[in-house]
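Position chains Z, E and R relative to chain P; hints supplied.
The lines below spell out each chain.
There are 4 protein chains.
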Amino acid sequence: MEEILYQAIPVLDHGFVRVVDYLGNDAAIVQAARVSYGAGTKQARGDEGLIRYLMRHRHTTPFEMCEIKLHIKLPIFVARQWIRHRTANVNEYSARYSILDREFYIPSPENLAVQSTANAQGRGEVLPQAEAEQVIDTLRTDSEAAYEHYLQMLAGDGRSGLARELARMNLPANIYTQWYWKIDLHNLLHFIALRGDTHAQFEIRAYALVLADIVSTWLPMAWRAFADYELGGAHLSAAQLKCLRRILNGEKVSQDESGMSAREWREFNTLIGRG
Amino acid sequence: MEEILYQAIPVLDHGFVRVVDYLGNDAAIVQAARVSYGAGTKQARGDEGLIRYLMRHRHTTPFEMCEIKLHIKLPIFVARQWIRHRTANVNEYSARYSILDREFYIPSPENLAVQSTANAQGRGEVLPQAEAEQVIDTLRTDSEAAYEHYLQMLAGDGRSGLARELARMNLPANIYTQWYWKIDLHNLLHFIALRGDTHAQFEIRAYALVLADIVSTWLPMAWRAFADYELGGAHLSAAQLKCLRRILNGEKVSQDESGMSAREWREFNTLIGRG
Amino acid sequence: MEEILYQAIPVLDHGFVRVVDYLGNDAAIVQAARVSYGAGTKQARGDEGLIRYLMRHRHTTPFEMCEIKLHIKLPIFVARQWIRHRTANVNEYSARYSILDREFYIPSPENLAVQSTANAQGRGEVLPQAEAEQVIDTLRTDSEAAYEHYLQMLAGDGRSGLARELARMNLPANIYTQWYWKIDLHNLLHFIALRGDTHAQFEIRAYALVLADIVSTWLPMAWRAFADYELGGAHLSAAQLKCLRRILNGEKVSQDESGMSAREWREFNTLIGRG
Amino acid sequence: MEEILYQAIPVLDHGFVRVVDYLGNDAAIVQAARVSYGAGTKQARGDEGLIRYLMRHRHTTPFEMCEIKLHIKLPIFVARQWIRHRTANVNEYSARYSILDREFYIPSPENLAVQSTANAQGRGEVLPQAEAEQVIDTLRTDSEAAYEHYLQMLAGDGRSGLARELARMNLPANIYTQWYWKIDLHNLLHFIALRGDTHAQFEIRAYALVLADIVSTWLPMAWRAFADYELGGAHLSAAQLKCLRRILNGEKVSQDESGMSAREWREFNTLIGRG
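Residue numbers (this note's numbering), protein chains in the order written: chain P, 558 to 832; chain Z, 558 to 832; chain E, 558 to 832; chain R, 558 to 832.
Here chain P stands alone, though its shape is the one from the complex:
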């Protein structure tokens, strides 16, 4: 962890994640758990066994005993999703006090995709090349123009320009901002689970995957437990569980009698490897 401290790990075209400071490690999780659950836990299992036990049984408070502070540069539309995670401390660069830099996120062609028809919130196939070039050109031209006008409004007639807090409203959602973000491990893992998921938007997911790497370096035991029990695991509904038991019992079950919708039925079959 000391090796990556202060390093700006690049994300997207101009963004980064940088570890500024951290508190705690795998041993700190164990230490806190032993305060709660007593010395008896010592004999029964080693540190990694205890961390796995805590993760499996969702004893989340010991994981809150680790904290990390990051410096992050990210496009505003990503920042708007990110800030929905409320249990964290944030200090964002203020466009009321300061002038934003001329840096915009312009996706690379392979990340430009059509609207998904199957999923209202997602992306489908990659855009044909000509259309991708057109989109990139539009984004680039509009960003440049917006930023030029931002500077012009700030400059005014040469004496005293428009207040920064007003001029910034002309800037698009792909401009970069930056912030300090401090969060405990439990909430960070929840962030990674949600935003590192394949249903999350590609751009925030790029950050979540970097955060995942950081956690795996910082707390290898906690990370392995999380990867096994949460990331790689799956949740079954009551109907799915009932259905699974019938199948294992040798019964044939159709969607009709499963009590699942067509979509749940598909998800279930994919999950159990019959997809």
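FYI, nobody ran anything at the bench for these hints, they're computed from the structure.
Backbone N, C-alpha and C fix where the C-beta goes; we use that ideal spot for every residue, glycine too.
One or more of the hints may lead you astray.
Here are the computed distance ranges between Cβ atoms for each label pair [as the list claims (entries may be wrong)]:
#, chain 1, residue 1, chain 2, residue 2, range
1, E, G606, Z, L708, 29 to 37 Å
2, Z, L766, E, G606, 57 to 65 Å
3, R, T698, P, D604, 38 to 46 Å
In the DSS-like style, the derived pairs of lysine-lysine whose C-alpha atoms are separated by at most 27 Å in a straight line are [as the list claims (entries may be wrong)]:
#, chain 1, residue 1, chain 2, residue 2
4, P, K809, P, K799
5, E, K809, E, K799
6, R, K809, Z, K809
7, P, K809, E, K799
8, R, K799, R, K809
9, E, K809, P, K799
10, P, K799, E, K799
11, Z, K799, R, K809
12, E, K809, P, K809
13, Z, K809, Z, K799
14, Z, K799, R, K799
15, Z, K809, R, K799
Same frame as chain P, but now just chains Z, E and R:
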């Protein structure tokens, strides 16, 4: 309160605040306080006296027993300040799922001001008319262009356009979004104190003042106590308090011996009416 | 819901749960979800389908749009577990201001159990009758004595007794306290999932089951979705999922090659109905 | 700070506060503030000036960038007040898993006071010696008896005793518990302001004063700003401010025309040094 329920109270050029639902009233604050502080509080003072006592001594938990749910339409740069208040529930219109409306905040000329030279985060005098017209023209033209390109990217080549979650990054911070926002009274009053303050940006302040009106209709006793103890009151530092006592004692005190910076000294003199 | 409003629903020997007020219903969840996810959600599925979709995909914010306020009477050792749920508003009866009532939780014999040997935090079999009678007698006698001494210390020598904030320290953890507790639905369901679980202590579980009943009356659709996807469902780890697929593929899998501990292996077999 | 790390600082008769870890220092507050408020803040004032500015204008987010983890041993009735501060992470010693130690808080005679007649929640004069001895004797005897019976119930008839989660309900509120408590600086200062206040109960105040010492060692600049602007300062209501201005203007003001209650009037006169 029932009279204003569901009414969209206009704010700025296209925004609104609408009360969707609420829980509790002045009597509910009193009721919760009496659970905490016992029946003895009953004899000593009436309901309003008790509410004033709670406010004066910062017994904040009874105020958390009231809750309000609002539907709000607001520009994105206002939403970005707003969301920093973390102790609230939010459901925002998603530009991943849906197409944003063609509505942008364009300030009226009297609300366009130059950057303040005294205050790094504030506005100074109103912009000269010619410059104001220029700014409004720029904002309007850029907003329109950005929205046209947004629609074009969504439409694509006629078959299947760019994913909504990507196209939206071209839209500027003055486009309107909307959300459901649910918050308890204690945190709402804190929001009003910070965002209704004269140092807050005009645009979010416009919303805070509407929220203040709503609270004064909903909970007249709590509002009066808040206006007297918080909004209309003032905080003195240790140095200011010491200095005040010396003045009341007939001494002459200069800034040099006050222990205050020039700025604090000015603020102090304004506060006590010697500004 | 209106029928049970204000009714004290009994729990344990002297406790109760009473609905004081609430905000929102199933329709409010749907309404908030449609602000977020747009009109498109309307055609695809009815209200119950949408609520099930939100629950299945852990879109939790629409569930935060419902709020409930309860008046609860509970033993202090239960209150100490309860208060660990931080995202809620609380007004507790204050033993600094007021004198606590002479009411103690005395378990009935069938709820007195030996320390579990399998589970460090749990109960095993019911205590033999003679021993149960002994325990009940001890609890009753000690409670009575502690309360008598509490009153004596408060009374003092007849002029002015010990401060209430000091005298209360003599009272045991089975004395009853009461509070107003206000919480949003998302956090309430989390409470019910944790505290209504068979691993939770019997006494707090008794409250969680009453809360479950209240939610099922208040929000029948949300409750059914929660019961199907959360309460009745199960979580599989990556190792369990892999193992399940091998079994369904006709392979024989032993614990040795499963990558699971003995305990996880037992839990897995119980889960899939091979216990 | 490194010097006091891991040291158990004694509080009350058996309690302690021990710094386990911390993140950030005065420079970290400045660093976070400069991300938010831009480079311009650098020229204007040095680090201490900036911290004072942040404190005076209640820019609280940079103070959230420091975090501290403490190991604390405290009586349960203190823990019950403490836990009301929700924005913190806690791992408490679990009396479901482990057996509590035989340690009880027994106040020293000079801290035993009569119930205040002026203040429903407070203490008045110290108890006469004979009565104090009586109280101490009662507390000691009842604690010992409760603990003996706790052990007897746990031991049972020699084979298998009562479950720990049940036996603990016989223990009084002056028994000691312990926990890990992790909190950011902003919320810690709020805790110190409330619980270090002269209106707080003596026992929790003893802890708050130790926390104050720790902060003044850890972050001397932030502490001085807090002491000057918050601890040593005072809040004036609108009525008090108006009255003050009239007095400074040479007018005589009586309580009748002040708009204040008798109690507020007394508080006001004490505040301005005319008490």
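Structure-based check of all given hints:
1. For the hinted restraint 29 to 37 Å between G606/E and L708/Z, the CB-CB distance of approximately 31 Å keeps it satisfied.
2. As the Cβ distance of L766/Z to G606/E is approximately 41 Å, the hint placing it in 57 to 65 Å is violated.
3. As the Cβ distance of T698/R to D604/P is approximately 43 Å, the hint placing it in 38 to 46 Å holds.
4. A C-alpha spacing of about 13 Å is found between K809/P and K799/P, which places the hinted pair at or below 27 Å, so the restraint holds.
5. For the hint linking K809/E to K799/E, the alpha-carbon distance of about 13 Å falls within 27 Å, and the restraint holds.
6. Using a Cα cut-off of 27 Å, the hinted pair K809/R and K809/Z holds, with the two alpha carbons roughly 20 Å apart.
7. About 21 Å separates the Cα atoms of K809/P and K799/E, which keeps this hinted pair within 27 Å; it holds.
8. Restraint check for K799/R and K809/R: the C-alpha separation of about 13 Å stays at or below 27 Å, so the hint holds.
9. A C-alpha spacing of about 22 Å is found between K809/E and K799/P, which places the hinted pair at or below 27 Å, so the restraint holds.
10. For the hint pairing K799/P with K799/E, the CA-to-CA distance comes to about 19 Å; that is within 27 Å, so the pair holds.
11. Under the criterion of a C-alpha separation no larger than 27 Å, the hint pairing K799/Z with K809/R is consistent with the structure, at around 21 Å.
12. Straight-line distance between C-alpha atoms of K809/E and K809/P comes to about 20 Å, which keeps the hinted pair within the 27 Å bound.
13. About 13 Å separates the Cα atoms of K809/Z and K799/Z, which keeps this hinted pair within 27 Å; it holds.
14. This hinted pair checks out: K799/Z and K799/R have alpha carbons roughly 19 Å apart, not beyond 27 Å.
15. With a C-alpha separation of about 22 Å, the suggested pairing of K809/Z with K799/R holds against the 27 Å cut-off.
In the structure shown, a violation is registered for the earlier hint numbered 2 alone.
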